[in-house]
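Every letter in the sequence shown is one number past the one before it in numbering that gives the first Met the number 0, and letter 120, counting from 1, is 119.
Keep in mind the hints are simulated off the structure, nothing from the lab. Because the structure is a prediction, the values reported are computed rather than measured. Watch out, some of these pointers could steer you wrong.
[Unchecked claim] Pairwise CB distance ranges (calculated): (1) Leu29 with Thr197: 55 to 61 Å; (2) His113 with Phe180: 17 to 23 Å; (3) Asp138 with Gly209: 19 to 25 Å; (4) Ala187 with Ala36: 32 to 38 Å; (5) Leu89 with Ile192: 34 to 40 Å; (6) Val148 with Ala195: 25 to 31 Å; (7) Gly209 with Val15: 38 to 44 Å; (8) Pro32 with Val114: 40 to 46 Å; (9) Gln90 with Ala16: 20 to 26 Å; (10) Thr101 with Ala187: 38 to 44 Å; (11) Ala47 with Ala187: 27 to 33 Å.
A virtual CB, placed ideally from N, CA and C, is assigned to each residue, including glycine.
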Amino acid sequence: MTVLAHAGIDHAALVVAGTGLVAAYGASWLRRPRPSAPRLAAWVVGVAGVAVASLPFMERVAERTFAGHMVQHLLVIIVAAPLLVVARPLQTARAAGWLPVTRAGRRLGAWWHHVAPLLGPGLFVLVLFATHLTPIYDDALTNRWLHEVEHAAYLLSACAMWAAVLGVGRHAAVARIGAVFGLIAASAFLGVILLAATAPLIPTYEARLGTGDALADQRTAAALMWVSGMLTTLPLLVAAVWRWAATEQRIAERAEALADAAVVTSR
0 MTVLAHAGID HAALVVAGTG LVAAYGASWL RRPRPSAPRL AAWVVGVAGV AVASLPFMER
60 VAERTFAGHM VQHLLVIIVA APLLVVARPL QTARAAGWLP VTRAGRRLGA WWHHVAPLLG
120 PGLFVLVLFA THLTPIYDDA LTNRWLHEVE HAAYLLSACA MWAAVLGVGR HAAVARIGAV
180 FGLIAASAFL GVILLAATAP LIPTYEARLG TGDALADQRT AAALMWVSGM LTTLPLLVAA
240 VWRWAATEQR IAERAEALAD AAVVTSR
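Let the sequences and hints guide you as you build the complete structure.
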C-alpha cells in the first residue's frame, strides 16, 4: 500500500481549512459596497472542488489507476481553479479594505497584466509537462509531501493560467487568444505523447496493473485529458474572440458618438 492511501490530508483538517477559507472570503464579501452573489458561489464551489479532490476516497482512486489520478487533477485544474479565479479573492479583499492598495501593488498588477497572457499559460504548460514526462508523477505516488507539492503546483499554475485567459483589457486581447491556442496545442501534444507511448510511463501503475493493463489505463488517462481540455478551451477561445470583437465594437461606437457630438457642437 502506498503513502497516498495512509498519509493523505486528514479529513477533519481538510474540512476546517475549507471552512476557514469560505468564512474568510464571506466576511470580506459582506464588507464590499456591492457584493456579488455569483462570485461568492464560485468561491464556495471552488474551495469545495479542491477539498473533494483531496479526500481520502479520491486519493485511493488516484493510487489505483492513472485514469483515476487524471480525474483528480482535472477536478483541480478545470473545475476548482477557474471558479477560484472568477471569485476574484484579491479584489474582494481589497474592496473590503483588508488588502491595502500600495504603489508596489499597483506596479505588480500592471506587470501582471502585461505578462499574464504569456506567463500564466506558460507556467501551467511547464508544470503539466514536468510532472507527466519526468519521474515526479511516479514519485508522488509514494511520497506524501511531493504529492502535496504536485497538487499545489497544479492549482497555482492553473489559477495563473485561468487568470490570464479570463483577464480583461483591450491591449492583451490578441495575446489571450494566442494563449488559448497555445494551451490547446500543448495539451494535444502531451495527449499524443501519452497515447503513442508503447510502454507505460508510470512504473508504479505498471507494477500494480501489469504492462498491458497499465498501457490501456495510460491511454484512457490521455483521452480524459485531451477531451476535457478540448471541452474547456474551445468554448474559452470562442468567448475570448467574442469579448475582443465586442470590445472593439464598443470602442468604435463610442468614437462615432464622440465624432457626432463634436459635429453638433461645432454648429
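These are the hints, each one checked on the structure:
Here the CB-CB span from Leu29 to Thr197 is close to 57 Å, well matched to the stated 55 to 61 Å. At roughly 20 Å, the beta carbons of His113 and Phe180 sit within the given window of 17 to 23 Å. As the Cβ distance of Asp138 to Gly209 is approximately 21 Å, the hint placing it in 19 to 25 Å holds. For the pair Ala187 and Ala36, the supplied restraint of 32 to 38 Å holds, since their beta-carbon distance comes to about 37 Å.
Checking the proposed 34 to 40 Å range against Leu89 and Ile192 shows it holds: the Cβ atoms sit about 35 Å from each other. At about 29 Å, the beta-carbon gap between Val148 and Ala195 stays in the expected band of 25 to 31 Å. For the hinted restraint 38 to 44 Å between Gly209 and Val15, the CB-CB distance of approximately 40 Å keeps it satisfied. For the hinted restraint 40 to 46 Å between Pro32 and Val114, the CB-CB distance of approximately 30 Å leaves it violated.
The hint said 20 to 26 Å for the Cβ distance between Gln90 and Ala16, and at roughly 22 Å that hint holds. Distance hint check: the CB atoms of Thr101 and Ala187 are about 42 Å apart, consistent with the given range 38 to 44 Å. Taking the beta carbon of each, Ala47 and Ala187 are about 30 Å apart, inside 27 to 33 Å as hinted.
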